[in-house]
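Chains Z and W supply the protein sequences, listed in that same order. Under numbering that gives the first Met the number 0, the first residue of the first sequence carries the number 0, and numbering increases by one thereafter. Under numbering that gives the first Met the number 0, the first residue of the second sequence carries the number 0, and numbering increases by one thereafter.
Hints were generated in silico from the structure; no laboratory data involved. Hints are supplied without guarantee of correctness; some may be wrong.
[To be verified] Each computed SDA-like pair below joins lysine to any residue, with the alpha-carbon atoms no more than 25 Å apart:
| # | chain 1 | residue 1 | chain 2 | residue 2 |
| --- | --- | --- | --- | --- |
| 1 | Z | K53 | W | V40 |
| 2 | Z | K194 | Z | Q130 |
| 3 | Z | K267 | W | N19 |
| 4 | Z | K194 | Z | R111 |
| 5 | Z | K16 | Z | D34 |
| 6 | Z | K236 | W | N19 |
| 7 | Z | K243 | W | E73 |
| 8 | Z | K267 | W | I62 |
| 9 | Z | K243 | W | H18 |
| 10 | Z | K16 | Z | N107 |
| 11 | Z | K236 | W | Q77 |
| 12 | Z | K243 | W | I32 |
| 13 | Z | K102 | W | R31 |
| 14 | Z | K236 | W | D63 |
| 15 | Z | K238 | W | L37 |
| 16 | Z | K243 | W | P9 |
| 17 | Z | K194 | Z | T150 |
| 18 | Z | K238 | W | V40 |
| 19 | Z | K251 | W | E41 |
| 20 | Z | K243 | Z | T150 |
| 21 | Z | K267 | Z | G242 |
| 22 | Z | K217 | Z | N200 |
| 23 | Z | K238 | Z | N107 |
| 24 | Z | K236 | W | F11 |
| 25 | Z | K243 | W | Q77 |
| 26 | Z | K238 | W | P9 |
| 27 | Z | K251 | W | N19 |
| 28 | Z | K194 | Z | D138 |
| 29 | Z | K267 | W | N42 |
| 30 | Z | K213 | W | G17 |
| 31 | Z | K53 | W | F11 |
| 32 | Z | K243 | W | A74 |
| 33 | Z | K243 | W | T15 |
| 34 | Z | K243 | W | G17 |
| 35 | Z | K213 | W | N5 |
| 36 | Z | K141 | Z | G110 |
| 37 | Z | K243 | W | F11 |
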Amino acid sequence: MSKNIYLPKLARIAGIKDEVPGARGIKTFFVEFPDGDGFEHECGQCAMISVFGKGESMISIASAPAVKEYKQFSIMRTGRVTTAIHDMKPGDIVGVRGPYGNKFPLENWKGRNLVFIGGGVGLAPIWPVIQTAVANRADFGKISVFYGARTSRDIMYAEALEALRGAADVHLSIDAPEEGWQGFCGFVPANLLDKPQSPDNAVAVTCGPPIMIKFVIKNLIGMGFADEQIYTTIENKMKCGVGKCGRCNAGKDYVCVNGPVYSWAQLKDMPQEY
Amino acid sequence: MRTWDNCQFPEFTMHTSGHNPRETTGARLRQRICHKLLYFVENHNIQQCTGCGRCITHCPVGIDIVRIANVMEEAAGQ
Ligand SMILES: Cc1cc2nc3c(=O)[nH]c(=O)nc-3n(C[C@H](O)[C@H](O)[C@H](O)COP(=O)(O)OP(=O)(O)OC[C@H]3O[C@@H](n4cnc5c(N)ncnc54)[C@H](O)[C@@H]3O)c2cc1C
Ligand code: FES
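Here chain W stands alone, though its shape is the one from the complex (with noise of 0.2 Å):
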């Protein structure tokens, strides 16, 4: 069986209690920023993202992802 689905939906990790671990866009924002840029690079030792920039052309609200990972770069910098 397939469906729509997409970890940007709260459903998508909402718990049959209703109790949902990324319940905000913010939290699933960081999930989706932190699984390309970081989590998949400690666990696996590769890139998710090739700064093709196709999200960010196509973002209906203006997410940079490649502003997000200067951003990241420039915090652990410190």
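Same shape as in the complex, but just chain Z (with noise of 0.2 Å):
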């Protein structure tokens, strides 16, 4: 009999860091495979968690694909699935099946400068591409990450940004004014506005809410960015994850297979279907 595709691997939560406190909060969980069936994945691929008798959610895989032994998943916490993943502990079991869709293309953009503008949990599906770019540092020009969050206690992998200091130029931003926090206040758009970046021999990624990949495109093409310069990945709610149940597909492209990663070009003459 063939392989059901739709089975998941069994696989351990080894460990859990809060990053972000309050009803709608973040972990991030990482998980090994116990039966030694884990599998490779590539920057910007994602996988479909399961907690049994709950059902499934697709999830960014968070960690650089040269980590090996766990995976890494970050997740906000939603709805019926998200919650009941945050309630687990440590060595409970969840239902992991993937990897699924494309990749960032970072293999081209060696000798490149790079620019990563993130907010809220959209952090964690371009993290695995700082992390990866940071790692072989030499390979690349400039690194710069923006990163934007409502408040400062909404601000994950907080002491990771602080340790890329020095590697690359991470600069922060939180919606409104807080007493004795040192970097931008303001929307990620703004922040991005206000530390203007050169197309030169550039590339640009962004992951956030929708309307702020919006500002952040239309704010990169203002400073001279070219459509096949610009990233995003698209979050279009999926079940199957293998193009087989129509919901992700922006018209006839199927988000869960030749996405989720899409350069501003591909992007601008599908239908608006995102």
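With the hints in hand, could you dock these two chains into one complex?
What follows is the structure in structure tokens.
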């Protein structure tokens, strides 16, 4: 009998890190595959995480492909499945199937300047790219990381972002002023305008809420970035992950298979179903 | 776990944030028709509609896929 493509592998939660507190909090889960049936992945790919009796959610693989011991998932609590995952403890078992989707073409970006622009939990999908670029620092030009969250308490990967300084220019922002805050106050697209980036030999990668992505792309184009120099990821609702169920498609393009990574050159000609 | 679901329901494509890429009935009808007559043909070179007319008979609001197909054909010809 042929193998059931929807059958998840069993993975054990090896560790959990609290990133952001609150009703829509974020936790990072480090999972390993006790049966030794883990898989390789590329920057930008996702996996379906299941909680038995609750359901499945598509989540970006936030660890770099070079990390083989575990896979990292940073998950915001939003509904049934994500709440059930947030209630889990180290040692608990989740289902994982994947990896799904395409990848960021990092190998084509050698020698170029990289500008990353993330907002909220949207840092997770671009995190493996940032990690891989920094681990191979000599292969790239200048690396800049813009990241914004609503308040200082909502910043995910706070220590890891601080640790990037030196290897990368890190520009943090929060929406409204707070006492003791050293970074920018205002939305992410405004922070980007405040520190204009040169399009020369550069690639920009952005992920976050749709409205943020829209204005970030507008500002990048204003700075002279060409459509081919701008990349983003599309997070349409997904169920099957393999191009069958017809939830995630934008026109004839099935995001779970052909995406989630698109250049603006590709995206701008697609129907606006994202 | 199996639940009743359908591409004509708004929840089918609604993001966790509440944002919905196919928010209106019109957008969802467009998806249904284009999936059958356009996307599947472009991606797999197979027509998804046999023209049996069952959906026309049972449609509570009188949507006629044959008429739509003919209109599309005409528009494509122009
Ligand atoms: C490619 C991709 C990558 C992703 N990566 C990540 C990631 O790295 N980290 C992450 O945290 N998330 C990520 N997501 C999002 C994640 O998949 C969803 O947040 C998750 O599936 C939500 O599942 P849930 O069961 O917890 O929520 P659900 O229970 O399905 O509900 C989600 C929310 O929608 C509301 N809702 C449901 N139905 C309705 C309705 N009829 N009317 C109004 N509101 C309704 C609920 O109240 C809830 O707030 C990604 C998504 C995609 C497609
Ligand atoms: S998630 Fe089912 S087709 Fe993409």
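We went through each hint and held it up to the structure:
About 35 Å separates the Cα atoms of K53(Z) and V40(W), which puts this hinted pair outside 25 Å; it is violated. For the given pair, K194(Z) sits about 22 Å from Q130(Z) by alpha-carbon distance, which is consistent with the 25 Å threshold. The straight-line distance between the Cα atoms of K267(Z) and N19(W) is roughly 18 Å, inside the 25 Å bound, and the hint therefore holds. Of the pairs offered as hints, the one joining K194(Z) and R111(Z) holds, with about 19 Å between alpha carbons and a cut-off of 25 Å not exceeded.
The suggested pairing of K16(Z) with D34(Z) holds, with an alpha-carbon distance near 24 Å, which does not exceed 25 Å. Proximity of K236(Z) to N19(W) is assessed by CA-CA distance (about 9 Å); at most 25 Å being required, the pair is judged to hold. Of the pairs offered as hints, the one joining K243(Z) and E73(W) is violated, with about 30 Å between alpha carbons and a cut-off of 25 Å exceeded. At most 25 Å may separate the alpha-carbon atoms for a hinted pair to count; K267(Z) and I62(W) exceed this at roughly 31 Å.
Distance restraint check for K243(Z) and H18(W): the Cα-Cα separation of roughly 22 Å lies within the 25 Å cut-off, and the hinted pair is therefore satisfied. This hinted pair does not check out: K16(Z) and N107(Z) have alpha carbons roughly 33 Å apart, beyond 25 Å. In summary, the hint linking K236(Z) to Q77(W) is not supported, as the alpha carbons are separated by about 35 Å, beyond the 25 Å threshold. At most 25 Å may separate the alpha-carbon atoms for a hinted pair to count; K243(Z) and I32(W) meet this at roughly 16 Å.
The suggested pairing of K102(Z) with R31(W) is violated, with an alpha-carbon distance near 29 Å, which exceeds 25 Å. About 29 Å separates the Cα atoms of K236(Z) and D63(W), which puts this hinted pair outside 25 Å; it is violated. Distance restraint check for K238(Z) and L37(W): the Cα-Cα separation of roughly 22 Å lies within the 25 Å cut-off, and the hinted pair is therefore satisfied. With a C-alpha separation of about 18 Å, the suggested pairing of K243(Z) with P9(W) holds against the 25 Å cut-off.
Annotation: proposed proximity of K194(Z) to T150(Z) holds, straight-line Cα distance about 20 Å (limit 25 Å). A C-alpha spacing of about 22 Å is found between K238(Z) and V40(W), which places the hinted pair at or below 25 Å, so the restraint holds. Taking the CA atoms of K251(Z) and E41(W), the gap is about 8 Å. The hint holds against a cut of 25 Å. Restraint check for K243(Z) and T150(Z): the C-alpha separation of about 39 Å exceeds 25 Å, so the hint is violated.
In summary, the hint linking K267(Z) to G242(Z) is supported, as the alpha carbons are separated by about 21 Å, within the 25 Å threshold. Of the supplied pair hints, the one linking K217(Z) and N200(Z) holds, its CA atoms being roughly 19 Å apart against a limit of 25 Å. A hinted pair counts as satisfied when its Cα atoms are at most 25 Å apart, and K238(Z) with N107(Z) does not qualify at roughly 31 Å. The suggested pairing of K236(Z) with F11(W) holds, with an alpha-carbon distance near 8 Å, which does not exceed 25 Å.
The straight-line distance between the Cα atoms of K243(Z) and Q77(W) is roughly 32 Å, outside the 25 Å bound, and the hint therefore fails. Restraint check for K238(Z) and P9(W): satisfied, since their Cα atoms lie roughly 15 Å apart, inside the 25 Å limit. Taken as a hint, the K251(Z) and N19(W) pair is honoured in the structure, with Cα atoms around 17 Å apart against an allowance of 25 Å. Between the alpha carbons of K194(Z) and D138(Z) the distance comes to roughly 24 Å, so the proposed pair stays at or under 25 Å and holds.
The hinted pair formed by K267(Z) and N42(W) meets the criterion: a straight-line CA distance of about 20 Å does not exceed 25 Å. Between K213(Z) and G17(W) the CA atoms are separated by roughly 17 Å; this keeps the pair inside 25 Å, and the hint holds. For the suggested pair K53(Z) and F11(W), the alpha carbons sit about 18 Å apart, so the restraint of at most 25 Å is met. Taking the CA atoms of K243(Z) and A74(W), the gap is about 29 Å. The hint is violated against a cut of 25 Å.
At roughly 21 Å between alpha-carbon atoms, K243(Z) and T15(W) fall within 25 Å of each other, so this suggested pair holds. Using a Cα cut-off of 25 Å, the hinted pair K243(Z) and G17(W) holds, with the two alpha carbons roughly 23 Å apart. Between K213(Z) and N5(W) the alpha-carbon distance is near 29 Å, which puts this suggested pair outside the 25 Å criterion. The hinted pair formed by K141(Z) and G110(Z) meets the criterion: a straight-line CA distance of about 9 Å does not exceed 25 Å.
At most 25 Å may separate the alpha-carbon atoms for a hinted pair to count; K243(Z) and F11(W) meet this at roughly 14 Å.
In this structure, the earlier hints numbered 1, 7, 8, 10, 11, 13, 14, 20, 23, 25, 32 and 35 are contradicted, and the remaining ones agree with it.
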